[in-house]
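S.K.: Sequence:
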Amino acid sequence: MAKQAILHVLVIPAPVQGHVTPLMELSQSLAICGIKVTFVTEESVKQRIMAALPNKGSMHSLIHLASIPDGAKFGDDTKEVDAARKVMPGYLENLIKKINEESDNNNNNQINCVIASAALKWPMEVAEKMGIKRAAFSTTSVGVLALLLHIPKLIQAGIINEAGIALKNEMIQLSPNAPAISTADLVWNCTDDPAMRDILFKAALDAKSVAKLWDWVLCNSFYELEPWFYNLIPNSLPVGPLLASSRLGESIGNLWQEDSTCISWLDQQPARSIIYVAFGSLATFSQCQFDELAAGLQLAARPFLWVIRPDFMKESTTNLNGFRDRVAHCGKIVSWAPQQKVLGHPSVACFLSHCGWNSTIDGLSMGVPFLCWPQFADQFFNKHFICDVWRVGLYLEGDENGIVPRDEIKSKVKKLLGDESIKAKALELKEMAWNQGGTSFRNLEDFVEQIKC
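With our numbering applied, the sequence shown corresponds to residues 19 to 471, in that order.
To be clear, the hints were calculated from the coordinates, so they are not data collected in a lab. Check the hints yourself; a few may be wrong.
[Stated by the list, open to error] List of simulated lysine to aspartate or glutamate pairs, DMTMM-like, C-alpha gap at most 25 Å:
| hint | residue 1 | residue 2 |
| --- | --- | --- |
| 1 | 230 | 146 |
| 2 | 171 | 233 |
| 3 | 220 | 180 |
| 4 | 104 | 224 |
| 5 | 54 | 233 |
| 6 | 104 | 88 |
| 7 | 104 | 143 |
The whole structure should be built from the sequences, with the hints applied where relevant.
M.R.: If you want it as structure tokens, here you go:
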């Protein structure tokens with residue numbers, strides 16, 4: 019008797035933390051549905067994932083890690099990125115051919131679908147060439163994805179020029195019922211570096227061509243959070259929030275080793291007392307800004323848990339070990355934290371965040387109010403929705419030099435933690451997230467059924 023065919027999905031994240039983690043969480047969810055997953059990363063990324071695994075049993079047995087040679091890194095110049103794009107498709111095509119050739123005669127192990135970060139076009143092209151179904155995974159909010167797909171219309175309407183630069187500062191709507199957004203928050207313009215702005219706009223323009231290749235786009239969001247945008251995106255499926263706690267498992271897919279000692283430290287703190295401070299995997303601070311943040315946290319007179327990556331400082335004269343000792347009476351410093359566990363801990367009062375989408379969805383799902391300090395790209399768009407649309411946070415404003423001063427941090431902490439309406443709204447969104455999680459899981463099950471067809 020022939021063995022029953024098992025669905026086999028190949029998952030490819032962009033080689034950065036903000037893509038690897040949610041796509042690994044999606045892979046865990048697919049494995050729970052009985053889907054075999056081959057999770058493909060560059061070799062250096064695979065090694066970091068394996069080194070940071072909390073324990074051997076944390077990854078589902080149906081997930082297999084595979085690797086292809088390293089390509090260009092985030093932030094590399096255009097020539098290096100273009101060179102990588104030329105060689106990576108060949109590596110992926112050869113890997114898929116090898117998997118399919120090793121499968122048994124009744125197609126029990128062949129790749130049924132390729133799921134890739136929506137920022138990556140080349141895996142979609144390879145899958146199309148090989149006649150394999152394709153799904154993009156958006157690591158941004160649904161609103162940001164809708165904005166990227168809307169770029170040609172923004173140019174046509176005279177809102178931006180062919181280089182993506184806003185012709186005037188104004189509020190725009192992507193659809194009649196959608197919240198207005200400022201042209202100042204267009205994701206490709208939120209940097210002072212002209213070269214990076216050009217790279218971001220080129221990537222944003224690619225979204226339209228990638229959309230023509232996908233059969234579905236999976237979004238780490240839930241319908242009621244962003245109901246205005248789904249009809250602007252063909253074949254979009256909300257499958258979030260993708261949380262380890264929703265499947266009672268460990269968070270995996272980290273590129274840094276989590277410091278779990280912070281959980282036992284939180285256990286010793288009073289309820290709703292801690293300021294959790296984390297700026298994701300890419301943001302860096304100058305020494306001046308670091309000093310202002312450190313002073314602001316101490317002036318706030320609240321205990322804090324602060325994630326300081328080894329590469330967080332641009333040019334540091336701070337001895338972190340000495341700094342850690344100096345603030346031990348009022349705070350704890352770690353290099354990487356189990357963020358979902360931290361945000362779900364009863365001692366956490368608020369989240370001082372860069373407003374990356376993964377952090378945003380983590381905070382919203384745990385009902386934690388935000389102090390918003392966006393750094394880059396879509397984080398300014400997310401800040402607008404956190405503060406002005408969902409009304410679950412406050413914005414930290416910089417001075418004329420772009421530095422957020424210590425007194426601003428102190429006053430906004432006090433204002434946020436005294437605002438009962440923000441706290442109530444945050445809890446309301448938490449309840450919505452967990453209620454909508456059931457709908458998102460049904461969407462994931464529907465996606466699995468469609469792969470079978």
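S.K.: If a hint holds in the structure, say so; if it does not, say that too.
M.R.: Do the hints match the structure? See the list:
Proposed proximity of residue 230 and residue 146 is supported: the alpha carbons are some 11 Å apart, at most 25 Å. This hinted pair checks out: residue 171 and residue 233 have alpha carbons roughly 23 Å apart, not beyond 25 Å. Between the alpha carbons of residue 220 and residue 180 the distance comes to roughly 11 Å, so the proposed pair stays at or under 25 Å and holds. With a CA separation close to 16 Å, the supplied pair residue 104 and residue 224 stays within the 25 Å bound.
Between residue 54 and residue 233 the CA atoms are separated by roughly 20 Å; this keeps the pair inside 25 Å, and the hint holds. A hinted pair counts as satisfied when its Cα atoms are at most 25 Å apart, and residue 104 with residue 88 qualifies at roughly 13 Å. As the CA atoms of residue 104 and residue 143 are separated by approximately 12 Å, the hinted pair is consistent with the 25 Å bound.
No hint from the list above goes unmet by this structure.
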